[in-house]
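K.L.:
As a plain string of letters, each chain reads:
Protein chains: 4
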Amino acid sequence: MSAGLKGIRFAVVGGDDRELYLISELQKQGAYIVGVGFEKASPISGMTLAPSLEEAVEQVDVLLFPMFGTDERGVVKAKYSDSPIVLNKKVLESIPARVPLVIGFARPALKSAADNFGIQLVETAKLNELAILNSIPSAEGAIQMAMEATTITIHGSQSFVIGLGRCGWTLSRMLQGIGAHVTGVARKPSDLARATEMGLHPVHFTDLEDEIGRAEIIFNTVHHPILDRMMLEKVARDAVIVDLASIPGGTDFEYAQLLGIKALLAPGLPGIVAPKTAGRILAHIYPQLILRHLTTVNTTCKVEV
Amino acid sequence: MSAGLKGIRFAVVGGDDRELYLISELQKQGAYIVGVGFEKASPISGMTLAPSLEEAVEQVDVLLFPMFGTDERGVVKAKYSDSPIVLNKKVLESIPARVPLVIGFARPALKSAADNFGIQLVETAKLNELAILNSIPSAEGAIQMAMEATTITIHGSQSFVIGLGRCGWTLSRMLQGIGAHVTGVARKPSDLARATEMGLHPVHFTDLEDEIGRAEIIFNTVHHPILDRMMLEKVARDAVIVDLASIPGGTDFEYAQLLGIKALLAPGLPGIVAPKTAGRILAHIYPQLILRHLTTVNTTCKVEV
Amino acid sequence: MSAGLKGIRFAVVGGDDRELYLISELQKQGAYIVGVGFEKASPISGMTLAPSLEEAVEQVDVLLFPMFGTDERGVVKAKYSDSPIVLNKKVLESIPARVPLVIGFARPALKSAADNFGIQLVETAKLNELAILNSIPSAEGAIQMAMEATTITIHGSQSFVIGLGRCGWTLSRMLQGIGAHVTGVARKPSDLARATEMGLHPVHFTDLEDEIGRAEIIFNTVHHPILDRMMLEKVARDAVIVDLASIPGGTDFEYAQLLGIKALLAPGLPGIVAPKTAGRILAHIYPQLILRHLTTVNTTCKVEV
Amino acid sequence: MSAGLKGIRFAVVGGDDRELYLISELQKQGAYIVGVGFEKASPISGMTLAPSLEEAVEQVDVLLFPMFGTDERGVVKAKYSDSPIVLNKKVLESIPARVPLVIGFARPALKSAADNFGIQLVETAKLNELAILNSIPSAEGAIQMAMEATTITIHGSQSFVIGLGRCGWTLSRMLQGIGAHVTGVARKPSDLARATEMGLHPVHFTDLEDEIGRAEIIFNTVHHPILDRMMLEKVARDAVIVDLASIPGGTDFEYAQLLGIKALLAPGLPGIVAPKTAGRILAHIYPQLILRHLTTVNTTCKVEV
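Protein chains in written order, with this note's numbering: chain A, 1 to 305; chain B, 1 to 305; chain C, 1 to 305; chain D, 1 to 305.
To be clear, the hints were calculated from the coordinates, so they are not data collected in a lab.
Predicted model, so just to flag it, every value in this text is computed and none were measured.
Hints are supplied without guarantee of correctness; some may be wrong.
[As the list claims (entries may be wrong)] One side only, chain D facing chain B, incomplete, derived with CB under 10 Å:
1) Glu148
2) Thr151
3) His155
4) Gln158
5) Gln176
6) Gly199
[Claimed, not checked] Across the chosen pairs, the derived CB separations fall in these ranges:
7) B:Lys188 / C:Asp115: 26 to 32 Å
8) A:Lys188 / C:Gly213: 32 to 38 Å
9) C:Thr48 / D:Gln257: 43 to 49 Å
10) B:Asn88 / C:Phe205: 41 to 47 Å
11) C:Gly213 / D:Gly213: 47 to 53 Å
For every residue, glycine included, the Cβ atom is placed at its ideal position computed from N, Cα and C.
Just chain A, with the same shape it has in the complex:
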């Protein structure tokens, strides 16, 4: 309904299905979209495909990269691209100072390059607001994986949520909503107090090894090797582990396999299990974020389209 992005030109570079929904939402708000790496997707009305990242950079006011960012060689994850898209030095040099580069996770190399070349780098995965909203599709995806992997119902199960952060709270609430007995594992007394208030069974990390034995489903959200050999030894052999921590997760997957414990790594769930919702979340957050970075150049922008 709003047309707050009228006249602003975006390059959307790679990504997965959620970018398809994001593009359409941005268009509704008036944005003009140049796509890079969408050759294999169904054509999107009103979107221009740029032949290369270099050419896109010259035509736009904002660069949108995916949540995943790039791999260690600068290759952008792009589900619908038919050739690799690389965010290399040459491209970086060509980005004007007025064009913000919006990306989920930025690797250290990208950060220092941005510093060197004077690029406005906007790292979105660190935004609390985005992380909390993204925890909704993540938590649902993790629950779906658990449903698929177990022979029991979530309802009535002993479910453990390790780490009560942005994703842990969401997961805990949904598991309770389905009817699980939820144990919340955290370190901070204030988080354990909140767990008590929410009706979770609060367990301090230092007591986890005494309690984990009764877990039937374990959700890990902590980016540390929590579920190491020692801890896994105490886990029931027919328990299921869903690990939501970013790669490589917090589980010793090899050892879990050796013990016969089913353990699943669940990376990037929002774009996989609910791309439309994930795209809407980006479309909810990006416009205002970007407008804030464009304020100085708004006037020139408005002339152009």
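Position chains B, C and D against the provided structure of chain A, taking the given hints into account.
P.N.:
Quick look at chains B, C and D alone, frame taken from chain A:
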């Protein structure tokens, strides 16, 4: 822990994974199990395999058939059998009066045969208690199917539950627990009052066609052609229908396909999505139910094993 | 907004604050109101006060009596009346057959009088729909009483709900919503199955005496002497009992006092704790109910006002 | 069960009913209690009454003052005292460095005195853990006040929670649990994102004046004049305000009264509405907190009792 079934001999005839869990639970309670149709399953310690249904009948005090019952030709659904098991006239004639035949759904032909031959037929799918407990794995299975079929999250979705009966209430509560906006559709004013109390948006069947247009996910639990051509015309093309009503469901699936609406039939979910929980539910309900039907012959039973 | 009651004349006879809200809601729907027993209330615009019940009867199409009905001598409870209103033989004789007498609870004497005099008696307390909606203010009122009477929070408490009927379910859900550990006590296996699904701790009546000892707050909804001397002996001395069963409740109040257990009878909560909501509930249900009883005389009614 | 406080001598100075429960819990853990200001309470077995605060100071290892702390003249709130207890300069000078002074809120004067005299001042109201646990009785107390002040049910009401902090989250969840439509008002995008995840209707402070008109019950938790004249003008005259912010609250109470809006200040609810729970919370948190401050003197303590 309890050994209330000590000395009682069960024939477990066919079924799916949930029977594997049921068998083990019955054994824990002291039962002696004769299996029919488990040739392809991993061997179960303590269970004797009978070469045929006929021979099993002669050796036992109780006959357990699966929830699904038989097809129209008397064939028992048996996931782990290597040859068809048929509940035919010859078998029926050989069932002694003292041996209850426990089955989920009994077809009319079986019912009249039971009448003729003086068989104690115990139809369990009609038991309110069992149906309510089974609604838990059914509802979770339906939610899992919806999660898999949609590009949105359940959280924040407009979800409709058509029919507020044993399964409808469970589904509604779980959907709310995940964070959906739930519309409950029913006919009885008292059900709509209860829906109001539960925080559902209550809609009378007669108003469904005015409201269905905003549904993103539709769960049908009613065994009538509710989602017929007229109704489907009003459904959004990107909505997803999960139909839990017993075959053939309440949806015109062909017409839905024609319109491009994703519609899924979800039969027998408990045994598929959560066989262990479903097996436990049967093991929770069957012992007392069976003991009530065995009271007159208890003494002779106790001698035999 | 609707004017479905246009031209219909109601006598509202006695009652409490909820009738004040009911009157205003009925007026919004087009009804003409004659009040009996509202001398001490603030004047209600558009309402005519009748000098007596007899005179009101002659002027109206419908008679509305309060939920409480009358006492054993026919006296109508009327909070705002300055003299007793009696539903005696003389009044009953004068009620035309076309005028339904709507009342919450009808005593046996009133029922037989209605039979004798050919009065359309509409007893509303028996309506499932009304009872379920009224369970909302009742449950809240009971929780408020418990909050006032205890030195502990509902959150984290061991709360028992005895009787899982229309009020019991509502109470259980609210108590859970606040954070209590709720034990649901019932007789029917299907109710205990539903309790399990809802996450209550299910207890059969026959096991109540073994469990009641750990209760901190007890809500009784059963119209039988459940909390008798034997049971009270097992209740903790610092527990609090809130009894919602209609007078005289299901508790031996004298014995409870002797033991030092705080026990409270909670009658007619909707009209006391939330008269506006309670009045809205009546206004939601009465119009359609009454229109069904008026169908034969509708035409004559419409002429008169 | 634990006797972790064995041999440690506490002076409990003033307070309200929650201190009575706290004393008994500390005694269970092995503590020796000297009471100051409990002359009018029922005698507590095992507690010694000190004739004055000065004399108590000399005999103990820890000083416990109430959550409220003192008034501006140093007078300690003491419900059961028959004479004023004053925390004056003379007393402060006499407190040995090894004796921590534990108090809820410490006024600036007390803080600078503690600095000057080298007193270990432990201010507990600032502890996140305690504040979160105390939010449970606070929220219940506020809900009880709203139930008492309104003519509607919480269920189905439009309830606003202004400020999503430690108390706001708890209140929001409980109100939802009872069945209210809850609007959460906050400033931080991350709090509004969490509100969305929880199923609240999220409203930014800057939009509050556009939304407040539909509120039926308003809970304020913010220590700023949010509900000022401008805002109150937009509030419905029959709405009810419960203000949980510390005195003087965030409401212009005089103006509310002028407008005919019922507005209630709700200070110190835990000790009033649920002293037993509030005492248990203190008893859950104080022992470890205190042991940490006593570590250096533990050995000498253990000898003495």
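K.L.:
Find the hints from earlier in the document that the structure breaks and name them by number, from lowest to highest.
P.N.:
As far as the earlier hints go, 1, 2, 4 and 9 are violated by this structure, in ascending order.
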